[in-house]
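Visitor: Here the protein sequences line up with chains D and C, keeping their order.
So for the first sequence, this note's numbering puts the first residue at 1; every next one is plus one.
So for the second sequence, this note's numbering puts the first residue at 1; every next one is plus one.
Think of the hints as simulated: they come from the structure by calculation, not from any bench.
We put the CB at the ideal spot given by N, CA and C, even for glycine.
Don't take every hint at face value.
As the list claims (entries may be wrong) - Partial pick of chain D residues on the chain C-facing surface, computed with a CB cut under 10 Å:
no. : residue
1   : Ser36
2   : Val215
3   : Arg216
Unchecked claim - In silico lysine-lysine, PhoX-like type, Cα no more than 20 Å apart, as pairs:
no. : chain 1 : residue 1 : chain 2 : residue 2
4   : D       : Lys159    : C       : Lys279
5   : C       : Lys113    : C       : Lys341
6   : C       : Lys525    : C       : Lys306
7   : C       : Lys359    : C       : Lys321
8   : D       : Lys159    : C       : Lys525
9   : C       : Lys359    : C       : Lys379
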Amino acid sequence: MLRFILHRLGHSLLLLFLVSMLGFTILHLAPGGPLSQFALSPGMSQAELAKIAERMGLNRPLPVQWFDWFTGLVIGDWGNSFRDGRAVLDIIAGHLFATLLLVISSTILSVGLGTLVGVLGATRRYSAFDYLATVGAMVALSIPTFWFGLVAIYVFSLKLGWLPSGNMYTIGDESVLDYARHLIMPSCVLALVQVAIWSRYMRSSMLDVIDQDFVRTARAKGLTRSRVLYGHVLRNALIPMITLAGIQLPTLLSGALVTETVFTWPGIGRLFLDSLGYNDYPVIMGVLMFTAIFVLLGNLIADIVVASVDPRVRLE
Amino acid sequence: MSSETGTKGAGISRRRLLQTGGAAMTLLMSGTAARRMAAQDASGQVIIGFSQEPTIMHPHMPHIEVDEGIHFNLFDPLWTVDPEGKFQPALVTEVPTVENGGISEDGLNWRIKLREDVTWHDGEPFSAKDVKFTIELQQDPNFGAMRRTGHELVRNIQIVNDHELTWEMASPFAPYPAILSWTFMVPAHILADAPDPNQTDFRNNPVGTGPFKFGERVAGNYILLNANTDYFGDGPYLEKAIWRYIPDMTVLYTQFRTGDIDVIGLQGIQPDRYEQASKMEDRVVVVAPSATVESISFNTEAPQFKDPEVRRALSLALDRKSIVEAIYYGIPEPTESFLPKESFYYNQDLPVAEFDVAKAAEVLDAAGWMPGADGIREKDGVRLSFKNSTTAGNSVREQAQQFIQQTYASIGVDMQISNLPPAVMWGEYWMMSQFDSVMVGINYTTGPDPDVSNYLSSDGISAQGGAGQNTWQYHNDKVDALLKKGGSLFVPEQRKEVYDEIQMLVHEDRPFLPIFQYANLRGHKAGLEGFEPNVNVRIETWNVGQWRWA
Numbered sequence: 001m002l003r004f005i006l007h008r009l010g011h012s013l014l015l016l017f018l019v020s021m022l023g024f025t026i027l028h029l030a031p032g033g034p035l036s037q038f039a040l041s042p043g044m045s046q047a048e049l050a051k052i053a054e055r056m057g058l059n060r061p062l063p064v065q066w067f068d069w070f071t072g073l074v075i076g077d078w079g080n081s082f083r084d085g086r087a088v089l090d091i092i093a094g095h096l097f098a099t100l101l102l103v104i105s106s107t108i109l110s111v112g113l114g115t116l117v118g119v120l121g122a123t124r125r126y127s128a129f130d131y132l133a134t135v136g137a138m139v140a141l142s143i144p145t146f147w148f149g150l151v152a153i154y155v156f157s158l159k160l161g162w163l164p165s166g167n168m169y170t171i172g173d174e175s176v177l178d179y180a181r182h183l184i185m186p187s188c189v190l191a192l193v194q195v196a197i198w199s200r201y202m203r204s205s206m207l208d209v210i211d212q213d214f215v216r217t218a219r220a221k222g223l224t225r226s227r228v229l230y231g232h233v234l235r236n237a238l239i240p241m242i243t244l245a246g247i248q249l250p251t252l253l254s255g256a257l258v259t260e261t262v263f264t265w266p267g268i269g270r271l272f273l274d275s276l277g278y279n280d281y282p283v284i285m286g287v288l289m290f291t292a293i294f295v296l297l298g299n300l301i302a303d304i305v306v307a308s309v310d311p312r313v314r315l316e
Numbered sequence: 001m002s003s004e005t006g007t008k009g010a011g012i013s014r015r016r017l018l019q020t021g022g023a024a025m026t027l028l029m030s031g032t033a034a035r036r037m038a039a040q041d042a043s044g045q046v047i048i049g050f051s052q053e054p055t056i057m058h059p060h061m062p063h064i065e066v067d068e069g070i071h072f073n074l075f076d077p078l079w080t081v082d083p084e085g086k087f088q089p090a091l092v093t094e095v096p097t098v099e100n101g102g103i104s105e106d107g108l109n110w111r112i113k114l115r116e117d118v119t120w121h122d123g124e125p126f127s128a129k130d131v132k133f134t135i136e137l138q139q140d141p142n143f144g145a146m147r148r149t150g151h152e153l154v155r156n157i158q159i160v161n162d163h164e165l166t167w168e169m170a171s172p173f174a175p176y177p178a179i180l181s182w183t184f185m186v187p188a189h190i191l192a193d194a195p196d197p198n199q200t201d202f203r204n205n206p207v208g209t210g211p212f213k214f215g216e217r218v219a220g221n222y223i224l225l226n227a228n229t230d231y232f233g234d235g236p237y238l239e240k241a242i243w244r245y246i247p248d249m250t251v252l253y254t255q256f257r258t259g260d261i262d263v264i265g266l267q268g269i270q271p272d273r274y275e276q277a278s279k280m281e282d283r284v285v286v287v288a289p290s291a292t293v294e295s296i297s298f299n300t301e302a303p304q305f306k307d308p309e310v311r312r313a314l315s316l317a318l319d320r321k322s323i324v325e326a327i328y329y330g331i332p333e334p335t336e337s338f339l340p341k342e343s344f345y346y347n348q349d350l351p352v353a354e355f356d357v358a359k360a361a362e363v364l365d366a367a368g369w370m371p372g373a374d375g376i377r378e379k380d381g382v383r384l385s386f387k388n389s390t391t392a393g394n395s396v397r398e399q400a401q402q403f404i405q406q407t408y409a410s411i412g413v414d415m416q417i418s419n420l421p422p423a424v425m426w427g428e429y430w431m432m433s434q435f436d437s438v439m440v441g442i443n444y445t446t447g448p449d450p451d452v453s454n455y456l457s458s459d460g461i462s463a464q465g466g467a468g469q470n471t472w473q474y475h476n477d478k479v480d481a482l483l484k485k486g487g488s489l490f491v492p493e494q495r496k497e498v499y500d501e502i503q504m505l506v507h508e509d510r511p512f513l514p515i516f517q518y519a520n521l522r523g524h525k526a527g528l529e530g531f532e533p534n535v536n537v538r539i540e541t542w543n544v545g546q547w548r549w550a
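For reference, chain D alone in the conformation it holds in the complex (with noise of 0.2 Å):
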């Protein structure tokens, strides 16, 4: 187990120098650059410009950027934002717990409603509950979630006014409460994608399990029907879940770029693409960076658990 984990790690650890000497280039590489920004700006020059870009260190050779931002980043310095001169892991913080507030409660949500439904779904084949499960999905994957938002907020914000239409909390209100009643509606409306995929594969896995010989024979043990269902077939089904969440980890993310711009989430997703447009390439590195890291430890941390719950599975 130790040695497979090590050996993961890495691997992980050389993807991530490819992964950074990749993004970097090519970002930098890419016409245009921060400076832009500026041009417009009354009585702005080139030689001006020049002069900003040498304070920024942009007129250094490529590869000197690069290991000077490397060498930062191994010690856990990630540079400072071309934009507000903070430093990049505390913006990359900042916006963390935006995205995980919103991420993981509309998990809880799709996970818990995706595995019910699924189950249900499952053991009544064909029944009316069934397609309309199985229509219900395929409408809530084909809705695209931009739009979805805005109809959310038209109806609960502006024609029902029972809800606020986007932010994370009130500015000086900030109470549990505050941010559970602002929470809703992003985590619904992200949740509901979600919902319909976590449904269907758990129907299918479950579909897998339920017809297998071990299934029969416990119940010919004659084993209650519940006992059966919990204790065997949604145990062995959960198992591949337990991989897809691994992957869906990184979707979760990018899915929670559009909910965040809808309802003015302040989290990562928005970090990005704002950095994106400014060209501010020490935040734009370190949330790629960062989301590397989170997809890599993802995979692997999916891959022990299964280890762990499936007997079968072999880490050497």
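We have chain D; now place chain C onto it with these hints.
Guide: Relative to the frame of chain D, chain C by itself:
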């Protein structure tokens, strides 16, 4: 996180005095003190929605216009400029002019008298030292200042006493009062000892003299300012001012409709929503004039555009009226000049550009541009085919481009639309004149001043080693001379003659074809008073200190 009021001066503070004073005191209070009451009573808050995020609180570091929306409320310049283009004293007792002796006849000697009742947000008194420091900071070669124009000419700043100072100018420079109306004073006692002026905590923890104190900034979310209860001037009447960052235009508008934001600021209401927005109850939609002028701009050194007759023909074939009315919903106003119509210096006698496609074709025929085999005109091996670029993603402007493309095609001119992402567009492509033609909105002026040397003087061509933004590579010796003259005259009536002539010459030379002057759609909840658009500044939140709820 909001910083405390800080150390108060010795004895009883103004606030304390007023609180314990009672009715008798109220009767005895002078006008200024009565106005200070406003700050005491500051109540309520306003939430302003911006589609861009202010991030740079240090007013002299490179920044963009949205940052100025905060600077105006944290800091004060020596004097401000009102919507009519007049200077109003802020930190000075009197705006220096040649008339009142503050500026010498030759424009070389300046004398500034400061108010004596101004304190920084941390309680330290504001004095002549701070003014000297602020101007010298702009000259500091180690500091990456946003603008040096004008400041570089200041010499020998002498502090006469705490509230008076003098300086000399290396040469007379008439736009300097306008530049100073945009130059926010920063505290010497905080910044002077910084080992590196570019690396200070000031950009995240600014201390000013303005009507609001810095509260906190939550990155990607909002900025909170708190009332400065010791403010020397009028206001503030609100306890808190909050700028919310809402990047998506649809969401920004939606939050204005739901009432989550009180004011819809940059970039406001989109033209296609104007009608719906004006019908909303409890909301006021404001058409705010802006000094930004939209134009088709030519690279006059490109072989297609070297011939002035080509530019004349393209002007004749430009249907400005339809662009404004059909594409921009009739909101902006067609214009003939680069100066805003509100300006005292706008030349009212400029002929209105005519739209006549047949005449445009005749002009090209007469100039020897004849249709080739493919129907596109050419002359001496140069085809009248060019690229037109603007920021990709601006759908309204793209519509205008397509509209112009069609009209031009009808006279045998091939305009190809080639739009670029902003970071590429406004990089060297623009600054170093690598384009054929662009569609661009530019604010040519510095506040109310008509000086446009940076854009139209031939020594401002960056592509030819100049220091400026004359990206058209426009060169007219007469305009050069007039710009020099206009920059050294201090009497407005004399200056107007010069700038009238410049506008006429540029109108004839047509390095760019002005289409319209922008008008921005802004809105606020009914009941908010004091919201006043100002064409002489770049942002609508220039006077939040005066805002109040009815």
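Visitor: For every hint, state whether the structure bears it out.
Guide: Each hint, compared with the structure:
{"no.": "1", "hint": "Ser36", "result": "holds, 4 Å"}
{"no.": "2", "hint": "Val215", "result": "violated, 50 Å"}
{"no.": "3", "hint": "Arg216", "result": "violated, 55 Å"}
{"no.": "4", "hint": "D:Lys159 / C:Lys279", "result": "holds, 17 Å"}
{"no.": "5", "hint": "C:Lys113 / C:Lys341", "result": "violated, 33 Å"}
{"no.": "6", "hint": "C:Lys525 / C:Lys306", "result": "violated, 51 Å"}
{"no.": "7", "hint": "C:Lys359 / C:Lys321", "result": "holds, 17 Å"}
{"no.": "8", "hint": "D:Lys159 / C:Lys525", "result": "holds, 18 Å"}
{"no.": "9", "hint": "C:Lys359 / C:Lys379", "result": "holds, 19 Å"}
Consistency with the previously given hints fails for numbers 2, 3, 5 and 6, ordered from lowest to highest.
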